[in-house]
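**Q** The residues making up each chain are set out below.
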Amino acid sequence: MTGVNDPLALNRTNPLVLGIETSCDETGIGIVRGTVLLSNTIASSMDEHARYGGVVPEVAARAHLEELVPAIRAATLEAGIRLDDIDAVAVTCGPGLAGALMVGVGAAKALAISLGKPVYAVNHLVGHVGADVLRLGADDTTEPLEYPTIALLVSGGHTSLLLVRDLVSDVELLGETIDDAAGEAFDKVARLLGLPYPGGPQIDKAALEGNPTAIRFPRGLSQTKDMEKHRYDFSFSGLKTSVARWVEQKRDAGEPVPIPDVAASFRESVVDILLTKAVAACVDLGVPRLLLGGGVIANARLRQVAQERTDAAGIALRIPPLSLCTDNGAMIAALGAQLIMAGHEPSSLEFGADSTLPVSDIQV
Amino acid sequence: MLLAIDTSAGTSVAVVDLARGVIAEQSTSDTMRHAEVVGRLIADCLRDAAVPISALSAVVGGMGPGPFTGLRVGIAAARVFALGAGVPFVPVVSHDALAFGHYQAGHTGPLVVVTDARRREVNWSVYSGTDAVGLPIRVDGPCVAKPAVLLEAAWVHAAVPRFDAVGVSAGDLGQVAELMWAHQRPFAVDEALYLRSPDVTLSNGPKRVS
Ligand SMILES: [Zn+2]
Numbered sequence: 002m003t004g005v006n007d008p009l010a011l012n013r014t015n016p017l018v019l020g021i022e023t024s025c026d027e028t029g030i031g032i033v034r035g036t037v038l039l040s041n042t043i044a045s046s047m048d049e050h051a052r053y054g055g056v057v058p059e060v061a062a063r064a065h066l067e068e069l070v071p072a073i074r075a076a077t078l079e080a081g082i083r084l085d086d087i088d089a090v091a092v093t094c095g096p097g098l099a100g101a102l103m104v105g106v107g108a109a110k111a112l113a114i115s116l117g118k119p120v121y122a123v124n125h126l127v128g129h130v131g132a133d134v135l136r137l138g139a140d141d142t143t144e145p146l147e148y149p150t151i152a153l154l155v156s157g158g159h160t161s162l163l164l165v166r167d168l169v170s171d172v173e174l175l176g177e178t179i180d181d182a183a184g185e186a187f188d189k190v191a192r193l194l195g196l197p198y199p200g201g202p203q204i205d206k207a208a209l210e211g212n213p214t215a216i217r218f219p220r221g222l223s224q225t226k227d228m229e230k231h232r233y234d235f236s237f238s239g240l241k242t243s244v245a246r247w248v249e250q251k252r253d254a255g256e257p258v259p260i261p262d263v264a265a266s267f268r269e270s271v272v273d274i275l276l277t278k279a280v281a282a283c284v285d286l287g288v289p290r291l292l293l294g295g296g297v298i299a300n301a302r303l304r305q306v307a308q309e310r311t312d313a314a315g316i317a318l319r320i321p322p323l324s325l326c327t328d329n330g331a332m333i334a335a336l337g338a339q340l341i342m343a344g345h346e347p348s349s350l351e352f353g354a355d356s357t358l359p360v361s362d363i364q365v
Numbered sequence: 006m007l008l009a010i011d012t013s014a015g016t017s018v019a020v021v022d023l024a025r026g027v028i029a030e031q032s033t034s035d036t037m038r039h040a041e042v043v044g045r046l047i048a049d050c051l052r053d054a055a056v057p058i059s060a061l062s063a064v065v066g067g068m069g070p071g072p073f074t075g076l077r078v079g080i081a082a083a084r085v086f087a088l089g090a091g092v093p094f095v096p097v098v099s100h101d102a103l104a105f106g107h108y109q110a111g112h113t114g115p116l117v118v119v120t121d122a123r124r125r126e127v128n129w130s131v132y133s134g135t136d137a138v139g140l141p142i143r144v145d146g147p148c149v150a151k152p153a154v155l156l157e158a159a160w161v162h163a164a165v166p167r168f169d170a171v172g173v174s175a176g177d178l179g180q181v182a183e184l185m186w187a188h189q190r191p192f193a194v195d196e197a198l199y200l201r202s203p204d205v206t207l208s209n210g211p212k213r214v215s
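Protein chains in written order, with this note's numbering: chain V, 2 to 365; chain U, 6 to 215.
What the hints contain is simulated information worked out from the structure, not anything from laboratory work.
Remember, it's a predicted structure, so these values are computed and weren't measured experimentally.
Treat the hints with care, since some could be wrong.
Said to hold, decoys possible - Below are the SDA-like pairs computed for lysine to any residue, each with C-alpha atoms no more than 20 Å apart in a straight line: (1) V:Lys251 with U:Val214; (2) V:Lys206 with V:Pro261; (3) U:Lys212 with V:Gly195; (4) U:Lys212 with V:Ile260; (5) U:Lys212 with V:Leu323; (6) U:Lys212 with V:Thr242; (7) U:Lys212 with V:Lys206; (8) V:Lys206 with V:Leu323; (9) U:Lys212 with V:Asn212.
Unchecked claim - Chain U residues, not near chain V, derived (Cβ > 12 Å throughout): (10) Leu8; (11) Ala29; (12) His107; (13) Ala110; (14) Val149; (15) Lys151; (16) Ala159; (17) His162; (18) Arg167.
The beta-carbon is built from N, C-alpha and C at its ideal position, and this holds for glycine as well.
Only chain V is shown next, with the shape it has when bound in the complex (with noise of 0.2 Å):
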């Protein structure tokens, strides 16, 4: 019997990995052999966060504990396994919600030792990375990545900007927000306005027949007296409360608020921001790759900017497809499987969830 104390035996050239995220409000449950993808399972709970206008973290860690069973059935299915062909478990134990990751984290130790196999836990945020190294199939040619990157991660739990110079070995912090994640803000804004949540694609809509330069909103930690401390961080806070600003003295005014125009210009600024500091990292650094991940990538102004700013700049632009790029189960197999395939031992049965779990830490 292979098991948890024998990794010798593990399938290190083509290893079968069933990965599980409950990091935020998306229960995922992927499969991957080596690079391939066999299943990307996600159960969300977001239609019970929208009437609360964001996510609640009980209301996630509830849905969590009904839909891991489920979803997992459903991706051996999909996947066409047996559970008891998979070589090892991978699971994100960090950065997200605590009460959200333990489920996942109890889940996944029950699940490799009932299956006689190792755990590999993983950074959440390097998982968005390691989705880029998925394949849809045999005839799905597309290049490997190649380092060093840059990689921009956003959606509602964060945004940060990386360095990544090896997926399993050397991922480096260079910055991140300093208060709200991108996709909080668009939330937030979003509610402002009137827009249901989530508050994203509304925005998109309503930009749609909107004028980006009709009102110039704030860039956060864009001026010179900030660049120097938080050079590549992000502020989302002062954006919207200007916003709030703009909006209220309209209303108080009695003058209608042309919605299209503030949701353009608000989206301008968020989407100017984020590409500014990705680019001006890329360029300082000397990394003529820019890797995009995370919800908000689904926003069609930002991947249209991305591509017009990098194809300026000669950098070469990732973005993996979208449902690898909102939070999924498949990046943390794939990421677990690149571990192993790289080497790694498992992760000792002792790791625990961690809310702030540093990107420096790729395996726990």
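Here the structure of chain V is known, so what remains is to put chain U with the ligand in place on it, guided by the hints.
**A** Chain U with the ligand only, in chain V's frame:
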């Protein structure tokens, strides 16, 4: 033979058999580190019991009541272990294990089991005694209440002897399940016993900033 897991208070794992009783049990009273310890306790328990996973006929999970964050870890582990081992998952009310243990220790007659529910509240269940096979008969609860309510003379169970429990034994949980199985009693509903809604407040719209 059953694997039993409970994280409704600390973390407790046991391998139990109807004929042999508790074969192995590993517990910690730490009420904070369920996710950290649950894997090691399961692995050590299986090692101590010296039985292969293929010898297990089911996995038992303590459904609470108990503090939510920890409670979920054990239920998730038990459900997923059962899936991995290809055996049924069996839900049991954690208070039933506490009552079972207390009756085994010599108590007779009615009993109120009381546990900490955090946020200055307690969980309680009331038992009238044990049945012919030794299973506790729950007649009320589990419920959540302010501690003061249980001290009022007017409380409907005020006269019933009270047992303030601190840790649930997975050995007891497993034995309850074995007896229920052997005597074809219905298991608990497969639902975590949170007994409280997630505390979220619906917002009244954005606040003014100017
Ligand atoms: Zn994410």
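**Q** May I ask which of the numbered hints given earlier this structure violates, with the numbers listed in increasing order?
**A** Those not satisfied are hints 5, 7, 9, 10.
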